[in-house]
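Student: Produce the entire structure from the sequences given, and follow the hints as far as they go.
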Amino acid sequence: MKYVDEFRDRTIAEKLSAQIAREADPACDYHFMEFCGGHTHAIFRHGVKDLMPSNVHFVHGPGCPVCVLPVRRLDDAIELAEAHGVILCSYGDMMRVPGTKQHSLIRARAAGADVRMVYSVQDALKTAHDNPAREVVFFAIGFETTTPPTAVAITQAKAEGLGNFSVFCNHVLTPPAIGAILQSTGAEAAKIDGFLGPSHVSTVIGSEPYEACATSFNKPVVIAGFEPLDVMQSVLMLVRQVNGGRAEVENEYTRAVTREGNLKAKALTAEVFELRENFEWRGLGTVPLSALRIREAYGAYDAERRFALSPKASREVKSCECPAILRGQKKPTECKLFGTVCTPETPMGSCMVSSEGACAAYWTYGRHRHKAGHAGAAE
Amino acid sequence: MLSGHVDMTHGGGGRATADLIRNLFHRHLGNAFLNQGHDAALLPAQGGRLVMSTDGHVIAPLFFPGGDIGSLSVHGSLNDVAMAGARPLYLTAGFILEEGFPLADLERIVISMANAARDAGVPVVAGDTKVVEKGKADGVFITTTGLGVVPDGVDIGPHRVRPGQAILISGTIGDHGVAILSKREALDFETDILSDSAALHGLVADMVAAVPGIAMLRDPTRGGLATALNEIAAHARVGMMLDEAAIPIRPGVKGACELLGLDPLYVANEGKLVCFCEANDASTLLGVMRGQPLGRDAAQIGVVTEDETGMVQMKTGFGGIRVVDWLAGEQLPRIC
Amino acid sequence: MCLAIPAKILSLEGDAMAVVSFEGVKKRISLALVDDAAVGDYVLIHVGFALHKVSPEDAERTLALMAEAGILSDEIGEMAGPPS
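Residue numbers (this note's numbering), protein chains in the order written: chain A, 1 to 379; chain B, 1 to 336; chain C, 1 to 84.
Among the clues, some could well be false.
The following residues of chain B were derived to be distant from chain C, with all beta-carbon distances above 10 Å [stated by the list, open to error]:
id, residue
1, Ser-3
2, Ala-32
3, Ala-210
4, Ile-321
Some chain A residues close to chain C (C-beta under 10 Å, calculated; not the full set) [said to hold, decoys possible]:
id, residue
5, His-84
6, Phe-143
7, Thr-155
8, Ala-265
Below are the SDA-like pairs computed for lysine to any residue, each with C-alpha atoms no more than 20 Å apart in a straight line [to be verified]:
id, chain 1, residue 1, chain 2, residue 2
9, A, Lys-264, C, Ala-16
10, C, Lys-26, B, Gly-13
11, A, Lys-191, A, Arg-240
Keep in mind that the hints were calculated from the coordinates and are not lab data.
The C-beta atom is built at its ideal place from N, Cα and C for all residues, glycine as well.
Tutor: Put into structure tokens, the structure is as follows:
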């Protein structure tokens with residue numbers, strides 16, 4: 001696989017591993033947050049941790065749009081399918097996430113709601129074309145990578161005058177989330193020495209937006225590609241910054257990320273969406289100017305304007321530590337429910353059900369590190 | 001070719017049912033046993049230990065690249081029996097037909113079953129047909145059973161799995177699952193990958209003849225290789241250490257899985273087997289497998305380790321270690 | 001988040017669509033977010049859309065940088081002399 005296999009090369013991995021071990025100061029502990037859930041997944045899937053020296057630690061971040069979606073919004077999506085009789089189109093990632101009382105989209109479907117899994121928002125548009133007598137709602141989630149495709153679909157719907165299509169918008173933004181994590185202070189603060197910046201969010205927004213985080217909070221950011229060698233090279237660059245007392249934005253993923261990003265995608269996003277004053281994130285609480293809603297000009301395609309959603313007293317499971325885990329303050333193993341009540345088969349919170357949630361990644365790929373007698377750092 | 005559609009009279013038990021059975025099922029599947037004309041087939045006495053299995057087939061789409069529900073159901077039951085080290089002797093087939101299902105499609109399926117059974121040398125000796133109202137079945141559901149006999153000296157089962165044994169696979173993983181997914185409209189991708197649906201009993205017979213002491217055989221169907229290995233590890237209370245670089249996988253399967261965010265270890269196979277044997281029997285068995293079309297890409301993919309918790313681990317192509325866990329529910333394509 | 005894979009553009013179609021290939025798997029995707037993409041270019045695909053072209057020169061440069069690890073440190077070691 002071109003541009004994939006080369007960046008999984010084992011020989012280079014061993015070299016980088018040795019280099020990181022040479023340059024990491026044995027008197028220091030390095031904590032690097034990989035913001036992006038996709039990085040969490042890649043790190044565990046390839047076993048990158050095994051090639052790191054024991055004083056380099058990965059702190060798992062909240063960059064998993066499934067994980068940070070508050071329960072209330074999921075309950076709203078389920079309500080659209082159940083109470084308003086729409087065809088609800090959703091990415092596969094959301095189907096099994098438990099909402100209030102462990103109800104989910106997949107359970108709603110089993111009970112008769114018309115919930116359909118799609119790979120692309122274009123499939124939702126097609127569903128609207130194919131079912132002119134039904135209302136079709138697209139359950140939009142995702143960070144800045146996934147937002148421009150939704151924008152394209154909405155402009156397309158408007159151009160065609162498609163009367164039965166709307167979007168339930170839950171798009172969120174990365175730099176404000178990084179800021180929210182770094183703003184926690186004192187006992188609440190997670191120990192973070194630097195960030196591995198998201199790969200594909202950055203192809204869209206560019207490297208420039210992270211510069212404010214680096215200077216305001218004095219933490220280095222290295223935008224890291226998606227493959228395991230990218231992660232390792234980025235860790236090396238972060239170690240060098242920490243050792244050198246620098247706090248800059250560096251770009252490891254130069255083959256797909258520039259400083260200004262994808263101007264066309266950014267312009268389209270700005271045309272269709274505007275900032276919400278506030279948005280509640282699971283784990284981070286309410287973060288100002290961190291999420292998007294559909295502009296008035298495209299209001300006809302906004303499911304929140306089109307359908308009256310009932311106010312909800314949505315409840316998380318007590319003792320679920322997703323909030324602390326998403327902020328990098330706790331590890332999955334520090335949650336009372338982890339591996340006992342909460343497993344991938346019976347997830348209590350979103351960190352376990354999303355395949356790139358820290359808990360799911362830890363359980364599914366990494367729990368051998370906690371087996372009795374396993375040699376190697378517990379993480 | 002028949003024309004028209006299945007209707008409720010076909011399941012009524014009267015003339016229409018009899019006509020359907022004669023003109024469709026007996027016509028294509030016909031053999032001495034079916035032609036006995038009883039509800040039950042009278043079979044000759046068998047020496048040796050018997051093996052029986054049963055399988056319901058509810059797949060959609062019914063026709064996919066490399067096969068259909070007819071051939072799939074025959075292969076499935078033949079393989080279940082073969083995984084006990086048994087020689088399959090007889091099959092049965094029960095059909096639940098949805099009202100409105102095109103008879104031409106049904107005939108295609110039955111012809112496919114007949115061909116698969118004939119190629120395997122195993123007759124369908126008894127059958128049943130029912131019709132349910134429109135909406136109550138996905139076109140057609142098929143249930144097959146297989147009966148076979150195990151040669152003396154062969155004792156295959158999870159109880160024989162021990163630390164130190166070699167884990168072999170007969171060929172590439174994930175082909176069937178990807179072939180099926182390529183037909184799901186919403187995913188909309190094109191691939192040359194064909195289902196690997198095949199009858200493995202011939203391959204098994206040669207393997208057992210070469211190494212009667214084979215410990216365990218399993219065909220990794222729904223849930224893929226990872227699920228089959230986890231089941232065996234849990235049952236036998238052993239661990240496993242796999243080598244990712246050794247697991248054979250076609251580039252097109254790898255590509256489709258990367259595209260959809262799926263892990264090929266959990267994608268279904270319908271013409272592959274996993275074999276556990278003593279370490280010093282591995283090269284003999286690999287030689288036997290590679291000498292046959294269905295085992296051409298056979299490889300050793302790991303070893304059995306001491307671990308009462310039944311954890312399956314894997315050395316990644318990258319050089320790290322990861323757990324290969326049970327699947328939670330169905331693996332869904334992801335965007336994140 | 002954001003599973004995106006680098007696929008090669010095989011052909012361009014009307015309506016800003018293209019057919020791309022990834023390891024022999026073909027898919028129709030939208031080029032609505034990427035201008036001046038040509039047949040033969042590699043693009044990152046996410047949820048059915050091309051997000052960005054992949055730069056072959058930068059890919060090569062990054063790989064070379066990674067492969068240097070080890071060589072570079074030996075050189076630095078030689079220049080710096082024994083650790084003080």
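Student: Evaluate each hint against the coordinates.
Tutor: Now for the hints, and whether the structure bears them out:
Even its closest Cβ contact with chain C, about 35 Å, leaves B:Ser-3 beyond 10 Å, as expected for a residue assigned away from the interface. For B:Ala-32, the non-interface assignment is confirmed: its Cβ lies about 46 Å from the closest Cβ of chain C, beyond the 10 Å cut-off. No Cβ of chain C comes within 10 Å of the Cβ of B:Ala-210; the nearest lies about 35 Å off, and the non-interface call holds. Distance check for B:Ile-321 against chain C: the nearest CB is about 22 Å away, which clears 10 Å, and the non-interface claim stands.
For A:His-84, the suggested interface contact is broken, since its CB lies about 25 Å from the closest CB of chain C, more than 10 Å. Given the 10 Å rule on beta carbons, the hint for A:Phe-143 holds: about 6 Å separates it from the nearest Cβ of chain C. Given the 10 Å rule on beta carbons, the hint for A:Thr-155 holds: about 9 Å separates it from the nearest Cβ of chain C. Interface restraint check for A:Ala-265: the shortest CB-CB distance to chain C comes to about 5 Å, inside 10 Å, so the restraint holds.
Of the supplied pair hints, the one linking A:Lys-264 and C:Ala-16 holds, its CA atoms being roughly 14 Å apart against a limit of 20 Å. With a C-alpha separation of about 48 Å, the suggested pairing of C:Lys-26 with B:Gly-13 is violated against the 20 Å cut-off. Proximity of A:Lys-191 to A:Arg-240 is assessed by CA-CA distance (about 18 Å); at most 20 Å being required, the pair is judged to hold.
Hint compliance for this structure: hints 5 and 10 are broken, all remaining hints hold.
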